[in-house]
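Visitor: Residue strings, one per chain:
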Amino acid sequence: MTALAVELNGRLVRADVPPRLTLADFIRDHAHLTGTHLGCEHGVCGACTVLLDGVAVRSCLLFAVQAGGSRVTTVEALAGDGDLHPLQAAFHRHHALQCGFCTPGFLMALAELWERRGEVTREELDSAIAGQLCRCTGYAGIVAAARDAFGVG
Amino acid sequence: MKAAPFEYLRPESVEEALEALARAGEDGKVLAGGQSLVPLMAMRLARPAVVVDVNRLPLDRVIFSPSPPEGEGQGGGAVIRIEAVARQRAAERSGVAELAEALRWVAHPPIRNRGTVVGSVCHADPAAELPALALALDGVLEVRSLRGAREVPVSELLVGPLMTSLAADELALALRLRLPEGWRWRVLEVARRQGDFALAGVVAGSAPDGSWARLAVFGAAPRPYVIDGPAEDLPARAAEMADPASDIHADAAFRRHLVGVLARRALAA
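Protein sequences, first through last, are from chains Y and A.
Heads up: the first sequence begins at 1 in the numbering used here, then just goes up one per residue.
Heads up: the second sequence begins at 154 in the numbering used here, then just goes up one per residue.
Here chain Y stands alone, though its shape is the one from the complex (with noise of 0.2 Å):
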């Protein structure tokens, strides 16, 4: 086991853990922040994606020991206890989910962008959210909440 100190969605977690657990799986099953989902669990699927230290990472594809010190942010802090996230606001207006199993990560992916405040481009946006798969959408949804949100045309 190895100790673990993390800041998870403003939160200090201190936890001890074996070093071949996944930061999602201890987001999941130690922190019990289950907004995060596991698809493929190999880096494929971007269910899992959340914020390290501001940008987005598959969060199957780190150990949680590598965390120790960082910034963790999963979909729970988008909103916090209040309104919904502008991000999640365009999701609403424009159906960009159905089933909601890769919603999370969607959103985590663009969350770094959103962080960034910078001018962005429908490149940038398409390009954030390629490596995201979902199988219901088709992706029309996604894309047009994306450029809504950002106010990309």
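Because the hints were derived from the structure by calculation, they are not lab data.
Small disclaimer: the values here were computed from a predicted structure and weren't measured.
Ideal Cβ placement from N, Cα and C applies to all residues, glycine included.
Possibly wrong hints are sitting among the right ones.
Partner residues are not named here, just some residues of chain A that face chain Y (Cβ under 10 Å, in silico) [to be verified]: (1) Lys-155; (2) Ala-157; (3) Arg-163; (4) Pro-263; (5) Leu-332.
On the provided structure of chain Y, position chain A as indicated by the hints.
Guide: Just chain A now, kept in the frame of chain Y:
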């Protein structure tokens, strides 16, 4: 899809990392970005007993010669994430721009946010862009172990699929790339989806007067290969040298065909 148990070490210095690798021997594995290693561990195709995490060490420098006008392009201090290099494309610094041309094909932003340049070269995936780019730019890996330091040309590094000539106790510290003056470089590939591993791809360089060209091919043989010659000869020669596998994504004949087409397009552009 859970990795087998392992001992996790996060050395605070290169020396400490070398000691850990020497102790672990064949049971040890360097963890850099982990975007290829961790899936292999999840599927238990890799089962290292000791994982040496080098993410906080000043490794993975990419050094261009001649060096770009504003310095190396990226400094030491931490491993170099692929996405960080790709973003420097906007700066259009020479050297970095050539690298960025290849990096736009590498996986997706969340993968590039973790993956490292030198890590990808050392992983030696035959369908990956960066080993082929390193081969095309006369890459030399600076390697150390407790036994000493040595330089490994990328042409001797890449032995086969996921196989390199590095010993278990060796750690790659930096990659040196040579940019011949005035040459133009182009990277092209075909994949099932943008960001997937290439069915086939090429790194093509043309001399300033167009008389001579170089072509590195990836995804079409157990390891990337490089050829030099007059530009008009290279596509046919490259396709002839291809030794591709057939799998669910594409058969060998199609991959060989792609090599010729991509080579022609890249050299014509």
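Visitor: Against this structure, judge whether each hint is valid.
Guide: Status of the hints after comparison with the structure:
1. Interface hint at Lys-155 (chain A): satisfied, since its Cβ lies 7 Å from the closest Cβ of chain Y, which is below the 10 Å cut-off.
2. Restraint check, Ala-157 (chain A) versus chain Y: the minimum CB separation of about 7 Å is within 10 Å; hint holds.
3. At a threshold of 10 Å, the smallest CB-CB gap from Arg-163 (chain A) to chain Y is about 8 Å, leaving the interface hint in force.
4. Contact between Pro-263 (chain A) and chain Y, as hinted, is supported at the beta carbon level, the nearest pair being about 4 Å apart and thus within 10 Å.
5. For Leu-332 (chain A), the suggested interface contact is broken, since its CB lies about 26 Å from the closest CB of chain Y, more than 10 Å.
In summary, the one numbered hint that this structure violates is 5.
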